[in-house]
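Colleague: Residues per chain, in single letters:
2 protein chains.
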Amino acid sequence: MLVHQVFFWLKKPNEDLEAGMEGCRAIGQLKSADSYQVGVPAPTTKREVIEDSYHIALTVNFKSIEDHDAYQEDPIHLQFIAEHKDKWEKVRIYDFNLA
Amino acid sequence: MLVHQVFFWLKKPNEDLEAGMEGCRAIGQLKSADSYQVGVPAPTTKREVIEDSYHIALTVNFKSIEDHDAYQEDPIHLQFIAEHKDKWEKVRIYDFNLA
Chain B
1 MLVHQVFFWL KKPNEDLEAG MEGCRAIGQL KSADSYQVGV PAPTTKREVI EDSYHIALTV
61 NFKSIEDHDA YQEDPIHLQF IAEHKDKWEK VRIYDFNLA
Chain D
1 MLVHQVFFWL KKPNEDLEAG MEGCRAIGQL KSADSYQVGV PAPTTKREVI EDSYHIALTV
61 NFKSIEDHDA YQEDPIHLQF IAEHKDKWEK VRIYDFNLA
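As they're listed, the protein sequences go chains B and D. The working numbering puts the first sequence at residues 1 to 99. The working numbering puts the second sequence at residues 1 to 99.
In short, the hints are calculated from the structure, not lab data. Certain hints may be false.
Heads up, the list lumps identical chains together, so a pair's fine if it works in one copy or across two of them.
[As the list claims (entries may be wrong)] Heads up, simulated DSS-like pairs for lysine-lysine below, C-alpha to C-alpha not over 25 Å straight-line:
no.	residue 1	residue 2
1	K87	K63
2	K85	K11
3	K90	K46
4	K90	K12
5	K63	K46
6	K63	K31
7	K46	K31
8	K85	K46
9	K12	K87
10	K11	K87
This is chain B alone, in the form it adopts within the complex:
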């Protein structure tokens, strides 16, 4: 399984959080994806190692890197990026294979 873990920092979280999460749910349901989940920072104890300044966590799981690559090129995914990218202050992605 390939895990595509995305974190979004929004410019205007108060205004754009819900729309951003809905967009994430839409692309998580693309046929190339095996499963997905959407989250928001949890109120765990703050420590130096904790990164909690992001606003949305999107996890999309793929059965193969080919499925991941198909997802990247899916017109609905590209439309999501086009529609939402101006709302993002920063995006950080960690792709990892389960081992």
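Take the given structure of chain B and dock chain D to it, following the hints.
Modeller: The following block gives chain D in isolation, referenced to the frame of chain B:
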């Protein structure tokens, strides 16, 4: 569900990767954890938004923040940190609640 997503950067990945992953598997199986997975960076296409300089991804899922807090204080978890922390160049943790 609370997702505890940890990324480890090792000082000496060639030497310490296997031991680090074994340690992650051990703490992922603590009774406070609902489930866990361990991964390594996937060879997806490099882009500006991709972070692939870490060596180990550990995901631990908890049914509640209380279970997460119990995990943090579990003697076996504390022993894992004591035994392995000198091998880490950096640790970054993202805790998020599924929404």
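Colleague: Each of the hints needs a verdict: does it hold here or not?
Modeller: Verification of the hints:
For the homomeric pair K87 and K63, neither the shortest alpha-carbon distance inside one copy (30 Å) nor that between copies (31 Å) is at most 25 Å. Taking the closest pair of Cα atoms, K85 and K11 come within 25 Å of each other only inside a single copy of the chain (10 Å); across copies the shortest separation is 35 Å, beyond that limit. Proximity of K90 and K46 under a CA criterion of 25 Å is satisfied in both settings, with 21 Å inside one chain copy and 16 Å between copies. Taking the closest pair of Cα atoms, K90 and K12 come within 25 Å of each other only inside a single copy of the chain (12 Å); across copies the shortest separation is 30 Å, beyond that limit.
Taking CA atoms no more than 25 Å apart as the test, K63 paired with K46 passes between copies only; the shortest distance there is 20 Å, against 34 Å inside one copy. Taking the shortest Cα distances, K63 and K31 sit within 25 Å of each other inside one copy (11 Å), while across copies they are farther apart (28 Å). Taking the shortest Cα distances, K46 and K31 sit within 25 Å of each other only across copies (23 Å), while inside one copy they are farther apart (37 Å). Taking the closest pair of Cα atoms, K85 and K46 come within 25 Å of each other only across two copies (19 Å); inside a single copy the shortest separation is 29 Å, beyond that limit.
In this assembly of identical chains, the alpha carbons of K12 and K87 lie at most 25 Å apart only when taken from the same copy (7 Å versus 38 Å across copies). Taking the closest pair of Cα atoms, K11 and K87 come within 25 Å of each other only inside a single copy of the chain (6 Å); across copies the shortest separation is 36 Å, beyond that limit.
Taken one by one, the earlier hints fail for this structure only at number 1.
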